[in-house]
Amino acid sequence: NAGVTQTPKFQVLKTGQSMTLQCAQDMNHEYMSWYRQDPGMGLRLIHYSVGAGITDQGEVPNGYNVSRSTTEDFPLRLLSAAPSQTSVYFCASRILAGGNQETQYFGPGTRLLVL
Amino acid sequence: GESVGLHLPTLSVQEGDNSIINCAYSNSASDYFIWYKQESGKGPQFIIDIRSNMDKRQGQRVTVLLNKTVKHLSLQIAATQPGDSAVYFCAENIGSNYKLTFGKGTLLTVNP
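As you go down the protein sequences, you meet chains A and B in turn. One rule links them: number in the numbering used here = place in the first sequence (from 1) + 24. One rule links them: number in the numbering used here = place in the second sequence (from 1) + 87.
Bear in mind the hints are in silico, worked out from the structure with no lab data behind them. Just so it is clear, the structure is predicted and the values come from calculations on it, not from any experiment. Treat the hints loosely; a few may be bogus.
Claimed, not checked - If we take Cβ atoms under 8 Å as the criterion, some of the chain B residues that face chain A in the derived model are:
{"#": "1", "residue": "K129"}
{"#": "2", "residue": "G130"}
{"#": "3", "residue": "P131"}
{"#": "4", "residue": "F133"}
{"#": "5", "residue": "I137"}
{"#": "6", "residue": "P169"}
{"#": "7", "residue": "F176"}
{"#": "8", "residue": "Y185"}
{"#": "9", "residue": "K186"}
{"#": "10", "residue": "F189"}
{"#": "11", "residue": "K191"}
{"#": "12", "residue": "G192"}
Unchecked claim - Quick list of in silico lysine-lysine cross-link-like pairs, DSBU-like style, CA-CA up to 30 Å:
{"#": "13", "chain 1": "B", "residue 1": "K143", "chain 2": "B", "residue 2": "K155"}
{"#": "14", "chain 1": "A", "residue 1": "K38", "chain 2": "B", "residue 2": "K191"}
{"#": "15", "chain 1": "B", "residue 1": "K186", "chain 2": "B", "residue 2": "K143"}
{"#": "16", "chain 1": "B", "residue 1": "K129", "chain 2": "B", "residue 2": "K191"}
{"#": "17", "chain 1": "B", "residue 1": "K155", "chain 2": "B", "residue 2": "K186"}
{"#": "18", "chain 1": "B", "residue 1": "K155", "chain 2": "B", "residue 2": "K191"}
{"#": "19", "chain 1": "B", "residue 1": "K129", "chain 2": "B", "residue 2": "K186"}
{"#": "20", "chain 1": "B", "residue 1": "K143", "chain 2": "B", "residue 2": "K124"}
{"#": "21", "chain 1": "A", "residue 1": "K33", "chain 2": "B", "residue 2": "K129"}
{"#": "22", "chain 1": "B", "residue 1": "K158", "chain 2": "B", "residue 2": "K186"}
{"#": "23", "chain 1": "A", "residue 1": "K33", "chain 2": "B", "residue 2": "K186"}
{"#": "24", "chain 1": "B", "residue 1": "K143", "chain 2": "B", "residue 2": "K129"}
{"#": "25", "chain 1": "B", "residue 1": "K191", "chain 2": "A", "residue 2": "K33"}
{"#": "26", "chain 1": "B", "residue 1": "K143", "chain 2": "B", "residue 2": "K158"}
{"#": "27", "chain 1": "B", "residue 1": "K143", "chain 2": "B", "residue 2": "K191"}
{"#": "28", "chain 1": "A", "residue 1": "K33", "chain 2": "B", "residue 2": "K143"}
{"#": "29", "chain 1": "A", "residue 1": "K38", "chain 2": "B", "residue 2": "K129"}
{"#": "30", "chain 1": "B", "residue 1": "K158", "chain 2": "B", "residue 2": "K191"}
Said to hold, decoys possible - DEER-style ranges, computed between Cβ atoms:
{"#": "31", "chain 1": "B", "residue 1": "R138", "chain 2": "A", "residue 2": "G77", "range": "29 to 35 Å"}
{"#": "32", "chain 1": "B", "residue 1": "N198", "chain 2": "A", "residue 2": "Q46", "range": "25 to 31 Å"}
{"#": "33", "chain 1": "B", "residue 1": "V157", "chain 2": "A", "residue 2": "Q46", "range": "40 to 46 Å"}
{"#": "34", "chain 1": "B", "residue 1": "Q163", "chain 2": "A", "residue 2": "D62", "range": "27 to 33 Å"}
{"#": "35", "chain 1": "A", "residue 1": "N86", "chain 2": "B", "residue 2": "A166", "range": "43 to 49 Å"}
{"#": "36", "chain 1": "A", "residue 1": "Q46", "chain 2": "B", "residue 2": "D118", "range": "22 to 28 Å"}
{"#": "37", "chain 1": "A", "residue 1": "Q81", "chain 2": "B", "residue 2": "M141", "range": "26 to 32 Å"}
{"#": "38", "chain 1": "A", "residue 1": "Q46", "chain 2": "B", "residue 2": "S127", "range": "19 to 25 Å"}
{"#": "39", "chain 1": "A", "residue 1": "E96", "chain 2": "B", "residue 2": "K129", "range": "19 to 25 Å"}
Beta carbons are placed, not taken as given, at the ideal position from N, Cα and C, and that holds for glycine.
Please work from the sequences and hints to get the whole structure.
Have a look at this one:
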């Protein structure tokens, strides 16, 4: 298994540009989520999904859209990038049943710089 | 809103010593707590968890203590090794486990 993969690893955008951060997992996990991590802060939940076709907002959803058309993929879209969205983005996935965080896996992260 | 916080942002220890990383939480409804380790340039990695019906749980070289009276969580690492150098986060959850709230993290540095 490849686990949780994220692309790209690094991206530079200009203010107002759009892009999609890709996340994929091959473990058949129902639950997937996106976090952002800023210097000196813990991870903050942006959006999450408990299955294909189901998404919901986390703590900091503004400026981001998600969709879950398949179990494997959970892309994060920035429609109009802003400097405040400069951050490191982590995708995570786990099984849904049992509520055991031990089975949550994080991807390697995408570093995004918005100029 | 309520949040999870840490007492010490940095901790430096000698190799072989025991490390204690602390975390304060303010939401009394939180019923599940997790410690994560994050090495430089990597995503967080699960270390150990504990539910609110317990006050202590042990893993391999790690112990988590939960004091619900004072809303305090700690991670103890025995015989700390250079490979333990990382940022450690506590996280809390209520109920469904769909949303985790992370603390700001503590940087642990192990000196040889």
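Outcome of the hint check:
| no. | hint | verdict |
| --- | --- | --- |
| 1 | K129 | 6 Å, holds |
| 2 | G130 | 3 Å, holds |
| 3 | P131 | 5 Å, holds |
| 4 | F133 | 5 Å, holds |
| 5 | I137 | 11 Å, violated |
| 6 | P169 | 22 Å, violated |
| 7 | F176 | 5 Å, holds |
| 8 | Y185 | 6 Å, holds |
| 9 | K186 | 6 Å, holds |
| 10 | F189 | 3 Å, holds |
| 11 | K191 | 5 Å, holds |
| 12 | G192 | 6 Å, holds |
| 13 | B/K143 x B/K155 | 11 Å, holds |
| 14 | A/K38 x B/K191 | 28 Å, holds |
| 15 | B/K186 x B/K143 | 23 Å, holds |
| 16 | B/K129 x B/K191 | 16 Å, holds |
| 17 | B/K155 x B/K186 | 20 Å, holds |
| 18 | B/K155 x B/K191 | 20 Å, holds |
| 19 | B/K129 x B/K186 | 21 Å, holds |
| 20 | B/K143 x B/K124 | 19 Å, holds |
| 21 | A/K33 x B/K129 | 11 Å, holds |
| 22 | B/K158 x B/K186 | 19 Å, holds |
| 23 | A/K33 x B/K186 | 25 Å, holds |
| 24 | B/K143 x B/K129 | 28 Å, holds |
| 25 | B/K191 x A/K33 | 23 Å, holds |
| 26 | B/K143 x B/K158 | 14 Å, holds |
| 27 | B/K143 x B/K191 | 23 Å, holds |
| 28 | A/K33 x B/K143 | 38 Å, violated |
| 29 | A/K38 x B/K129 | 25 Å, holds |
| 30 | B/K158 x B/K191 | 16 Å, holds |
| 31 | B/R138 x A/G77: 29 to 35 Å | 31 Å, holds |
| 32 | B/N198 x A/Q46: 25 to 31 Å | 39 Å, violated |
| 33 | B/V157 x A/Q46: 40 to 46 Å | 43 Å, holds |
| 34 | B/Q163 x A/D62: 27 to 33 Å | 28 Å, holds |
| 35 | A/N86 x B/A166: 43 to 49 Å | 45 Å, holds |
| 36 | A/Q46 x B/D118: 22 to 28 Å | 34 Å, violated |
| 37 | A/Q81 x B/M141: 26 to 32 Å | 31 Å, holds |
| 38 | A/Q46 x B/S127: 19 to 25 Å | 23 Å, holds |
| 39 | A/E96 x B/K129: 19 to 25 Å | 22 Å, holds |
In summary, the numbered hints that this structure violates are 5, 6, 28, 32, 36.
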